[in-house]
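**Student:** Sequence:
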Amino acid sequence: MYAARRATSALPRLYSTSAPVKPSVKLIAELRKRIEGVSLTKAREALAASNNDLEAALQWLDTDRAATGAAKVAKLADRVASQGLIGIQVLSPGARLGPAGAVRAAMVELNCETDFVARNDLFGKLLSNIAHTAAYLVEPKADGPFIQSLSVDQLNDAPLLDPATSAPAHTTVEAAVRDLVTKVGEKVTLRRAVAVARDPLPHTQSHLGIRVFPYVHGAVTIPTNGTKAALSLYALKSPRLPSLIGSEEFQRDLAALERSLGRTVVGFPVTHIGDPSRPDPEAWYHQPTDMFPSKDGNTVVEELAAWAKKRGLVPEEGADEAGLALLEFQRWSVGEAPESS
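Each residue of the sequence shown is one higher than the one before, starting from 1 at the first, in UniProt numbering.
Treat the hints loosely; a few may be bogus.
[What the hints assert, rightly or not] Here are the in silico distance ranges between beta carbons for each label pair:
(1) H170 x D78: 44 to 50 Å
(2) L327 x K26: 29 to 35 Å
(3) A49 x D115: 52 to 58 Å
(4) L327 x P281: 50 to 56 Å
[What the hints assert, rightly or not] Computed cross-link-like contacts, DSSO-like style, restricted to lysine-lysine with a CA-CA straight-line distance of at most 30 Å:
(5) K183 x K228
(6) K141 x K22
(7) K26 x K125
(8) K187 x K228
(9) K42 x K22
(10) K26 x K42
(11) K42 x K125
(12) K187 x K141
(13) K183 x K33
Derived by calculation from the structure, the hints in this document are not laboratory data. Cβ atoms here follow ideal geometry from the backbone N, Cα and C, with glycine treated the same way.
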């Protein structure tokens, strides 16, 4: 037995006798600043595991959060996520500072299981960030439909952008959704996304302008997120447009006009834009409008004509028609059945 003890004591030690590295308070603060939502305990654990190496701690956290999130997502996969919100971000509305301005915007639906989570600040902020990312990353088109569908898979793989700087955050859209699942304990899915992007019109077409505008109903916490929403476009045409568009008063009038048009397209059973000259109960042009409340019974097409002529927005001097035309719209409600293409 004595010989056995001596043989055992001669074996090399396979463990460290040094005290574990105490995480630096400064590094803990920096780590939590770099990755939003990291708990104090997790930050300490990451730094202890990486010997106070900040970059290694970031990688440790990424791996840990991915594993935890993936397990949570898998556990909730069979649940139904029919609640949520629709978010719209307009990065460039078009004819604003000049009639040849670029157009760039996106609309996204993010689903969850309960209305309680949909009203959570973290849910709303993530939705806004995803919509901003979609609007920023979409490629401009020169022709064809203005509003284009985006691949949810491609958007999930994209780096999530910081709306303040449009710089990539330390995560992808999919990873950010997965992190939210671990925080709220519900299934969260990115359901659909559309966007519009057009480059500025050439200076030779200064008499033309395109505007994109949002309308959100049932806003929760963040005014650009709601339970119903529409993304719409219209065109402006007038030799007076360059001078009109630079007027603050005209810009205020445009904003009021867009709110009225938005209420109409979201609040009425509109299925298409329609022909201004042919009455149609499902056409946007022929819905009742609240643009001028003192005039009862007027439709959108009638009020658009009156609004444009009052401001001299006509396609050419002396013309009797309005220099304003509706182009396209997409209208969504949370959890609705997808429209057939």
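**Student:** Which earlier hints turn out false for this structure, listed by number in ascending order?
**Tutor:** 1, 2, 3, 4, 6, 12
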